[in-house]
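Be aware that the sequence shown starts at 1, since it is given in full-length UniProt numbering, and climbs by one per residue.
Hints in this document: simulated from the structure, not taken from any laboratory. A hint or two may mislead.
Distance windows between CB atoms, simulated [to be verified]:
| id | residue 1 | residue 2 | range |
| --- | --- | --- | --- |
| 1 | L364 | S229 | 34 to 40 angstroms |
| 2 | N156 | V179 | 14 to 20 angstroms |
| 3 | D160 | V216 | 37 to 43 angstroms |
| 4 | W122 | K413 | 48 to 54 angstroms |
| 5 | D221 | M100 | 42 to 48 angstroms |
| 6 | W122 | S371 | 50 to 56 angstroms |
| 7 | P344 | F78 | 35 to 41 angstroms |
| 8 | I307 | A117 | 25 to 31 angstroms |
| 9 | A208 | V179 | 48 to 54 angstroms |
| 10 | A272 | V216 | 28 to 34 angstroms |
For every residue, glycine included, the Cβ atom is placed at its ideal position computed from N, Cα and C.
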Amino acid sequence: MGVDTSAVLPSRTVSLSAEEDRMTTNELVSVEKSSYRLVNAPSGTVFTCWTALSKTMIGTGMLALAYGFSKCGWVLGFVLLILSGVGACFTLHLLNILAMRSSTRHVSFFTIAEACAPWSRWIVDVAIAVKCIGVGISYIQVSGDTISHVIGVWSNHAPDDTLRRAMVVLAVLVLAAPVCFARSISKTVIVNVLGLLAITYVVVLAVALTDYNSGVVTRWDLPPTASFSSVLSVVPTFIFAFTCHQNILLCAEDMKDRSQRKLDVVAFASEAAALVLFIPAIIFPYLDFGENTRSNVVLDYDVEHNIAVQVGYLFLGIAEAAAYPLQLFPARKSLLVLLTRAQPVSPKAEFRFRIVLTTSILILTAGIAVSVRSLGVTLSFVGIIGSNTICFIMPTFFYCVTMHKADVKKGPKWVLSAVVFLMTVALLPICLSAVVISLL
Numbered sequence: 001m002g003v004d005t006s007a008v009l010p011s012r013t014v015s016l017s018a019e020e021d022r023m024t025t026n027e028l029v030s031v032e033k034s035s036y037r038l039v040n041a042p043s044g045t046v047f048t049c050w051t052a053l054s055k056t057m058i059g060t061g062m063l064a065l066a067y068g069f070s071k072c073g074w075v076l077g078f079v080l081l082i083l084s085g086v087g088a089c090f091t092l093h094l095l096n097i098l099a100m101r102s103s104t105r106h107v108s109f110f111t112i113a114e115a116c117a118p119w120s121r122w123i124v125d126v127a128i129a130v131k132c133i134g135v136g137i138s139y140i141q142v143s144g145d146t147i148s149h150v151i152g153v154w155s156n157h158a159p160d161d162t163l164r165r166a167m168v169v170l171a172v173l174v175l176a177a178p179v180c181f182a183r184s185i186s187k188t189v190i191v192n193v194l195g196l197l198a199i200t201y202v203v204v205l206a207v208a209l210t211d212y213n214s215g216v217v218t219r220w221d222l223p224p225t226a227s228f229s230s231v232l233s234v235v236p237t238f239i240f241a242f243t244c245h246q247n248i249l250l251c252a253e254d255m256k257d258r259s260q261r262k263l264d265v266v267a268f269a270s271e272a273a274a275l276v277l278f279i280p281a282i283i284f285p286y287l288d289f290g291e292n293t294r295s296n297v298v299l300d301y302d303v304e305h306n307i308a309v310q311v312g313y314l315f316l317g318i319a320e321a322a323a324y325p326l327q328l329f330p331a332r333k334s335l336l337v338l339l340t341r342a343q344p345v346s347p348k349a350e351f352r353f354r355i356v357l358t359t360s361i362l363i364l365t366a367g368i369a370v371s372v373r374s375l376g377v378t379l380s381f382v383g384i385i386g387s388n389t390i391c392f393i394m395p396t397f398f399y400c401v402t403m404h405k406a407d408v409k410k411g412p413k414w415v416l417s418a419v420v421f422l423m424t425v426a427l428l429p430i431c432l433s434a435v436v437i438s439l440l
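Start from the sequences and build out the full structure, keeping to the hints where you can.
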C-alpha cells in the first residue's frame, strides 16, 4: 500500500537497467510489499525513525501556520495547534498498538485494512496518493518561489518573475526525474537531516529578523475580516502540519527489536520536535506581519537586501527539491496498488506502470506548481482530503473495528477513538466546502 515512502530508512538504490536485467519473465512483482524490508534484517533505530517521522511532518506545512494564525487570532490559533498536535500523537499511538498486534514483521495500512475491513484499503490508498502528491507539489511550489527569487536578485538579466518561476519549477523536476523513475531509493536519512536543517534555519531567521517595533497589529480574538468559512478554510493547514502517519508503520516494519515503548517514543519525540519548531515559526512572523502574513511565510522577508535571507531561500529551495522524490514514491505505489487491485504483476508490466505513473505525476506536479502560486490553497485541499483521512479518520476507524472484532473491552481509549472518528468525518465536507468558498 502507499506507505513505502522511502522517507524512512536506508534501502537499496537500483538502476532501471540493472533492475530490469535481474528480473526474469517468470517472476511476479508484488506491488504492495516493500522490495527490501522483507529480505534485509530490520536495521531501524529510534533515531533514524525519529528523523524520518520528523522530516515527514516538519516541512512546507510549517510555513503556512503563521498565515493560519492571521485568520484565527492567537487564542483560536493555539487551540487548533494544540488539538491537532495532541490528536495526531494519539492516533500515532493507535497505529503503534495495531502494529504490535501484527503476527508478522510486515505491517502496513494495507495489512491492517485487510484484517479489519478489506473494502477500506482503497480509501487509504486514495488518501495517501492525494496527500503525497499534494505534499510533493507544495515542495516544488516552495522551490520555485525561493530559488526564482534568488536568481532574480543575483542576475540583472533574468526573465520576468512568472516566467523565471516556471523555468525553475521545470528545471527542478527535470533534475529530480532520474531519481523519480527508479524503483527504490536509498540513504534517505541524509535528505531528512538536510530538510530539518533548512527548516531550522528558516525558524532562526524568523526569530532574528523580527521587528518588535513594527507597530503591526495582532489579535487575540478573531480579526474583523474573519468569517465562518475563512476560519474553517485554514483548519486543514493545522491538520496537515502534524501528519506523518503514512510513515509510522514503515518505521515499525523496519525497527530493530520493535516494541510499543520504542514506537511511542518515536511518535511523541517527533510531534514534540515539530511543536518546538512550529511555535517560534508562528509567533515571530505573526508579530512581524500580522494580518498580512502570506501562506508561504518566507516570502514576507526582504530577499533583495539581506544575504542571510538569500541563503535561507536557496537552502530551503534545494532541500525541498531534494525531498520531492520521497513523496512521489509512495504516491506512485498507492496508484499502482489501485490500478492492479494489489495483484502481483510481471516485471515488464511493473516497469511500464512505473514509467507511465511517474511521468503522469511529474506532469501533474509541473502543471499545478506553475499555475497555482498560493501554498495555502494546496495545503488546505491536501490537508482536509489526504491528511485528515490518514491522520484521524483511518487510524481511529481501524482501531475501533480491530478492538471490536477482538472482543476487547471498550474503555476510554476506544470511546475517544470513536468520537475523533465521527468528528473528523464530519469535518471533511465542512472544511472542504469552506476552502472552495474562500476561493470564490
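Looking only at beta-carbon atoms, does the pair A272, V216 fall within the given range of 28 to 34 angstroms? At roughly 30 angstroms between Cβ atoms, V216 and A272 fall inside 28 to 34 angstroms, so the hint holds.
Taking the beta carbons of P344 and F78, is their distance inside 35 to 41 angstroms? violated (49 angstroms)
Tell me if the beta carbons of W122 and S371 are separated by a distance inside 50 to 56 angstroms. violated (29 angstroms)
Between the beta carbons of A208 and V179, is the distance compatible with 48 to 54 angstroms? The hint (48 to 54 angstroms, Cβ to Cβ) is violated, given that A208 and V179 are roughly 34 angstroms apart.
Between the beta carbons of D160 and V216, is the distance compatible with 37 to 43 angstroms? violated (30 angstroms)
Okay, D221 versus M100 on CB: inside 42 to 48 angstroms? holds (44 angstroms)
Check the following: the C-beta atoms of I307 and A117 are separated by a distance inside 25 to 31 angstroms. violated (55 angstroms)
Determine whether the Cβ-Cβ distance between L364 and S229 falls within the hinted range of 34 to 40 angstroms. With a Cβ separation near 27 angstroms, L364 and S229 fall outside 34 to 40 angstroms, so the hint is violated.
Range hint 48 to 54 angstroms: satisfied by the CB atoms of W122 and K413? Check failed, 27 angstroms falls outside 48 to 54 angstroms.
Tell me if the beta carbons of N156 and V179 are separated by a distance inside 14 to 20 angstroms. At roughly 33 angstroms between Cβ atoms, V179 and N156 fall outside 14 to 20 angstroms, so the hint is violated.
In terms of the numbered hints stated before, the structure departs from hints 1, 2, 3, 4, 6, 7, 8 and 9, listed from lowest to highest.
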